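J.: Chains A and B are the protein sequences, given in the same order. Numbering of the first sequence is given in numbering that gives the first Met the number 0, commencing with residue 0 and proceeding in unit increments. Numbering of the second sequence is given in numbering that gives the first Met the number 0, commencing with residue 0 and proceeding in unit increments.
No lab work stands behind these hints, which were simulated from the structure alone. Bear in mind that the values here come from a model prediction, so they are computed numbers and not experimental data. Glycine residues also receive a C-beta, built at the ideal position from the N, C-alpha and C atoms. All clues given are correct.
Here are the simulated DSS-like cross-link-like pairs (lysine-lysine), alpha carbons at most 25 Å apart as the crow flies: (1) A/103 / A/85; (2) B/50 / A/435; (3) A/435 / B/97; (4) B/50 / B/97; (5) A/995 / A/860; (6) A/860 / A/773.
If we take Cβ atoms under 8 Å as the criterion, some of the chain B residues that face chain A in the derived model are: (7) 2; (8) 27; (9) 30; (10) 31; (11) 32; (12) 39; (13) 43; (14) 64; (15) 65; (16) 66; (17) 75; (18) 84; (19) 85.
Selected chain B positions facing chain A (Cβ under 7 Å, derived; list incomplete): (20) 0; (21) 1; (22) 34.
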Amino acid sequence: MSTANHSGSNRIAGAGRLTPAKTVRFTFDGQNLTGLEGDTLASALLANGIHLVGRSFKYHRPRGILSAGSEEPNALVDVERDKSRKQPNVRATVQEIYDGLKVKSQNRWPSLTFDVGAINDVFSPMLPAGFYYKTFMWPKFAWKTIYEPKIRAAAGLGVVPGEPDTDRYTNRFAHCDVLVVGAGAAGLAAALSAANCGAKVILCDEQTEAGGALRYESDVTIDGVPGYEWASATVARLRSMDNVTVLTRTTAFGYYAQNFVGLAERISDHLSTPGADMPRERLWQVRARKVVLATGAIERHMVFANNDRPGIMLASAARMFLNHYGVAIGRKVGVYTANDSAYAAAIDLKRAGVDVPVIVDTRDNPTSPIVEEARSLGIDVLTGHAVYSAGGKRRVSSMLIKPNRGGNERKVSVDALIVSAGWTPSVHLFSQSRGKVAWDAANERFLPGTYAQDCVSVGACNGTDRLQDVLDEAVSSGSASAGEAGFAKGNAGSLTATGGTSWIAGMIGSAPGAGADTTVKAFVDFQNDVTAKDVRLAVHEGMHSIEHVKRFTTTGMATDQGKTSNLHGLAIAAEALNRPIPAVGLTTFRAPFTPVTFGTIVNHARHDLFDPTRRTPMHAWHAAQGAAFEDVGQWKRAWYYPQAGEDMHAAVNRECVAVRNQAGIFDASTLGKIEVVGPDAARFLELLYTNPWEKLGIGRLRYGIMLREDGFIYDDGVVGRLAEDRFHVTTTTGGAPRVMNHMEDYLQTEFPHLNVWLTSTTEQWAVIAVQGPKAREIIAPLVEGIDMSNEAMRHMSVREGKICGVPTRLFRMSFTGETGYEINVPADYGQAVWEAIHERGKPLGLTPYGTEAMHILRAEKGYIIVGQDTDGTVTPQDAGLTWAIGKNKADYVGIRGLLRRDLVADGRKQLVGLKTVDPKVVLEEGAQIVANPNQPVPMTMIGHVTSSYWSENCGRSIALALVVDGTRRLGETLHVPMPNGVIEVEVTGTVFFDEKGERLNG
Amino acid sequence: MLLIKCPYCEEERPELEFRNAGEAHLVRAAPIVDQSDDDFAAFLYFRQNPKGLQFERWRHIHGCGRFFNAVRDSVSDKFLTVYKAGEPKPNIEQLVAKAPTPAETAAEPEQKRAPRAKKAEV
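Here chain A stands alone, though its shape is the one from the complex (with noise of 0.2 Å):
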């Protein structure tokens, strides 16, 4: 055998596809490697004979490369490129090697030859399935506080990185009138017929560069070349076609309803340099009128002792890795298989030089004559014999062979052994697609049966063998799908192949020397060391769903999520519980196909980006003075004004006293604005509001209130009518979308007989508050065309006319309980409406309050705030607000709910203010109340604290609750027990300021 040093001792010169001449270097745990460019890590790790790659989950066995594609549950590293683009549990076998690629290995400590953590492997008996569910079941406090931490630091995988992605990731939506998924000879080939058609085709693989299996199999031809260069003349031919999109290293991850399809496109993850406006990944989002799935199939491994040990791989890798990538992954290799394709295996590996000693075959008369060739080779093949363990710990060091019918066994040294149980038919995207599979007892493997998109499967993956029928299935249904899509069929011509092996048949469950009478270590998962051992102890301890047994043991729930390993889980409970397998059941796949990058899935939605932010037309005025905002659903709404020196209590109590002494600017812009327009608005607001609105004369506000039909309160807010057929309807901030909905709702589906229009104008009006004794002196100036005296402008009412010069609606109304009034302007001048009257009213005292103030002074007066001190179960009455539902209306949204037994009853919860005794004490929103502090826990809570703050206006804190049948307790003290002691207060009205309310009509 001869060898090409420079990348890696087990490179055979003139094997496989790479070139010599362009080598990379990478470390694998400090370690400098040198691979060819095309490599992946694991192809580049064995050429430098390196087999040992990482430690197993639970046991911390050695662990080697089992794989050559993305089913890999072994070889699992970290890849770092700096501290905030650093990937845990990225398989060796798909990552592509790049100069200066660093790769740590994961799960071991302090390093991969000698770890501490395999003294789990010594005490695996006391660890068995299901170990730590029922151990660390006392005391129970100590799951949480101890046991869980402990294992968690204990076991797992990789390292997340601690410092944010700063990767940039990018999607895109796309039309196709054919997905095909996989771009093995299946998927080629039925692109290409469809995309003769004229279809407009989009073909995706997984893998570096498309051909499948082919890649591999050196004894194929298609229409009378090699398998691969067939392939690659395909992919160029596909690549120059318009209707085309080839898409290579791009998993389809999702398979959603009505064929939409997600795919992850990696585009940067291979380079050693990606450019700056390069992104790491691209989500695919894509909409096709037909799926072709040409997914494969993936092989699966034998079940016996120690079938873990690095070294041991599956027999389609090692021919992978020989004829693609030029490396041999030993230099004797040992053979155990259940069926033929692992020979096309061992004849390629003996053909480049490598030492085959021997091929184990658990059939006892394997027919195909690919069983002679081998034999002619000189390679020693024993039928009906199994291997009952391997030996070696970092490495496979032999294999202990017996004759199935008894007799000697025997011992034959290896440095490798290739394994293959047979191959299952990769369904899992028909499975995501809701179709359900069929069970094909003749071949031991689930098929697609029932489908429930539109959609196809071809190739292995639909169960077909010979690569001519392959090709065959492959061409009809890609010109099938096209004509589905509205393609006249083309001329799909045909394929015509040579060679290949067959890849049906085999066996599931445990092999010989595995099985229900021995206690060996035979993997089933790999990744989260289940053994066949752990699958019949979960049938023993009662599990009998396959569902259970899963959970039990947690076979096939790693990010692998079982490709290699399902089915023969699933064959041993099966046989432990005596049923027949599809009695047993087969767990629903589910989306990702392989692990998928939060980066890709979250996109572009991150920062800014994450959720809009609201901004109102007077932000950078508020910022400008310093001011702290607070979030309002997507709003930032200014919360108080510091000046220098104040702390919040401080700026809010100057904020208060300001309003109340001379006058106060508050942004308002974010109130919801639906203009209400047509000739039955105002029969429209009869419906939709308690109030009356017929009669509400022009000029003039109203406060309404809006209920659900079950009669609770849902918003409210002040509403002005400007014209007989115009009202200008204000809402909640936080209520504006979900009132302008419910509003269309009744409008459309309820109420369609009346001829009205609505608007949403919340982002088209500025509103500027001014509030206080001399709001109407600081703004008459600049008031053109309305007269503003107390008697021609009274309180709640509106004039249109202009401020400044520009068109206003200028409400008159308060929720501050003082002399005020509302601006409207057009939201372009808001900020230098704000400005003028910020300047106008500086010498007479006006200061710009916020969100906090606002809240005191409106609680001051007793005004609720929907959602605040209401909660959904809160009627008019119950928030004393009876005088707001019309007495004579014969109709409106709630009329009904509000007549129900339990909202008439005694007993509901009222809103009233609370006094507490020592006025020092500001009590905490929805703190609970009692009658009697001294009852015993749990005591009887009769109400709750909906709105408290100190006042400094009354010296003293106030506070609004609901409080059962409250308005008949006034003047009774109550208790509010608290974690430092009970609190008594006094249960009063809900006005604390200027009772009468004068201060409005000054």
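Since chain A is already given, all that's left is putting chain B on it; use the hints.
T.: Same frame as chain A, now just chain B:
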């Protein structure tokens, strides 16, 4: 993501443009104040939530803004039909017979059962 056909826009649009608005064909009694407690409770709270075909309301909220009705299979998420608000309930048997699809032919018989007549419907 589902594609939903808006009967007003007369085209299929992505689900993101729509919002589900609950069960369809609930009738608000007139005059509602005279409705009995039981009937009002049925109108207010009792919903079919069937496994299988259901009548439901949608709003094309980020599109034309219109409310409309649909018949959707709650198992397969397939829409059998959409129709404008105020139009009569379509005949389920006819719809199923007209457009058999793989999912429907595979559906269990009891999944195809039409929703029971509602109490609130008079």
